[in-house]
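Asks: Starting from the known structure of chain A, arrange chain B on it as the hints suggest.
2 protein chains.
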Amino acid sequence: MFEWLFGRRRRAKAPVLGSRLDAIGAADRIDLSDLTPDLVSFLGQTAYLELAVFQSLGRVVAEAPNLTVKEGISVVAGEALAKHHGLVAELRKKKVDPASAMEPFTQAIDRFEVLTRGRDWYETLLGIYITAGFLDDFFARLVTGLPRTVAARVSAVLTTPGSDEVIIAALREGMATDPDLGARLALWGRRLVGDTQLVARSAIAASDSAEGIHRRIEPVFTDLLGAHSRRMDELGLTA
Amino acid sequence: MFEWLFGRRRRAKAPVLGSRLDAIGAADRIDLSDLTPDLVSFLGQTAYLELAVFQSLGRVVAEAPNLTVKEGISVVAGEALAKHHGLVAELRKKKVDPASAMEPFTQAIDRFEVLTRGRDWYETLLGIYITAGFLDDFFARLVTGLPRTVAARVSAVLTTPGSDEVIIAALREGMATDPDLGARLALWGRRLVGDTQLVARSAIAASDSAEGIHRRIEPVFTDLLGAHSRRMDELGLTA
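Respectively, the protein sequence lines represent chains A and B.
Positions 9 to 247 (this note's numbering) are the ones given, in order, by the first sequence.
Positions 9 to 247 (this note's numbering) are the ones given, in order, by the second sequence.
Among the hints, a few may not be true.
[Said to hold, decoys possible] Only part of the chain A face toward chain B is listed, based on derived beta-carbon distances under 7 Å:
id, residue
1, Ala70
2, Leu75
3, Asp186
Because the hints were derived from the structure by calculation, they are not lab data.
None of the values given here were measured: they were computed from a predicted structure.
Built from N, CA and C at the ideal position, the CB exists for glycine as well.
Just chain A, same shape as in the assembly (with noise of 0.2 Å):
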């Protein structure tokens, strides 16, 4: 169902700007532009992504166990918003309709979001968290391959850092109250990041040279479960 057109645009790699993947080294190497879907599908994909988001939040926003949190994670909502106007800016600027680039990743992405849904409130937040934290990362390491001037801003708008000190206050404060909210979370955590990585992996799957493609996404992976780690470290949680 997606599609990733191969050997389009190769090119050296352009660094991905102000990506949070900076300092990594190694797998930042990679060259992945060539896996890089063509530029209106990943706009539409990731606008799509970004809006599902939103949305999950808003869900969050409205059912905050105070209005501290409540005003906080509204902050948060406003950011993915704000990274799915910036992506739908970049398909009206190619005269592209939004919703048509959109429509092809509908069903995954909300079946996607289906299964991110916790049992609570907590664990809600925490999937929101550390897929949107895992599938930004990782479509920004895929900007390489579109052209340049468009990676910058699409990269600029995937990377630019979030209210995440909110979210972690909220969580904390849950953990707090209730002693055993954090191994569930921790557990939680754990079954996310697997369903994420099946979720990006699924998207280059769909290609003729699926084996090749997953030996070279590997090591990125690695990288993107370094990420997770530190996330899940910051709550306190072992990923």
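Replies: Chain B alone, transformed into the frame defined by chain A:
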């Protein structure tokens, strides 16, 4: 439950900067500044109102009938959120905790929000459009009693033009498909504007000079109803 302070800051009426009501005349010159709540109550109440509007629009985005409408309404949701954050920023400037300032108003606004939920997606969307429009206009009329520099900024926040055309297009599309929807929406709009006036009025009725205030506020309501009628007109509905 609303705290309105009287006679605290009598002064010559400052024009409501950028109000979409500027052109209306007569009632625009009625000085309501002595009816303006104290700054923290004003900001807490309007900030929570915009947050509630955002939450409602979040649900509308999630349940939108198609992707084009979903994308369009997400812009409107972002506008409500920006208003909320603009008002919260004013509270922060005053070193006031936004949650504490909003808290006294959550119950009444939540109750009102439930009241504005319609029987279907279209009624709910009309409900948000009509009630948020009326209440933004209402509070914009009251900014004249706020300290001058704050008043200008708050007025600018409340009267920022929104993407009404997106809402109008979505509702017109619905009415084109369902021949009964128009009549239903017209009735719903009439009921809502009654309830909305009660909400606005109840804020004032808590004071000890209710009768006189009611007489002064009536011409303002007449004006706001004019703006309401124009909103309904644009939808081809009779207010």
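Asks: Report holds or violated for the interface hint on Asp186/A, using the least CB-CB distance to chain B and a cut-off of 7 Å.
Replies: violated (21 Å)
Asks: Holds or violated: Ala70/A as interface residue toward chain B, Cβ cutoff 7 Å?
Replies: holds (5 Å)
Asks: Using the nearest Cβ pair, does Leu75/A come within less than 7 Å of chain B?
Replies: Nearest chain B Cβ about 4 Å off; hint holds.
Of the numbered hints given earlier, the model fails hint 3 alone.
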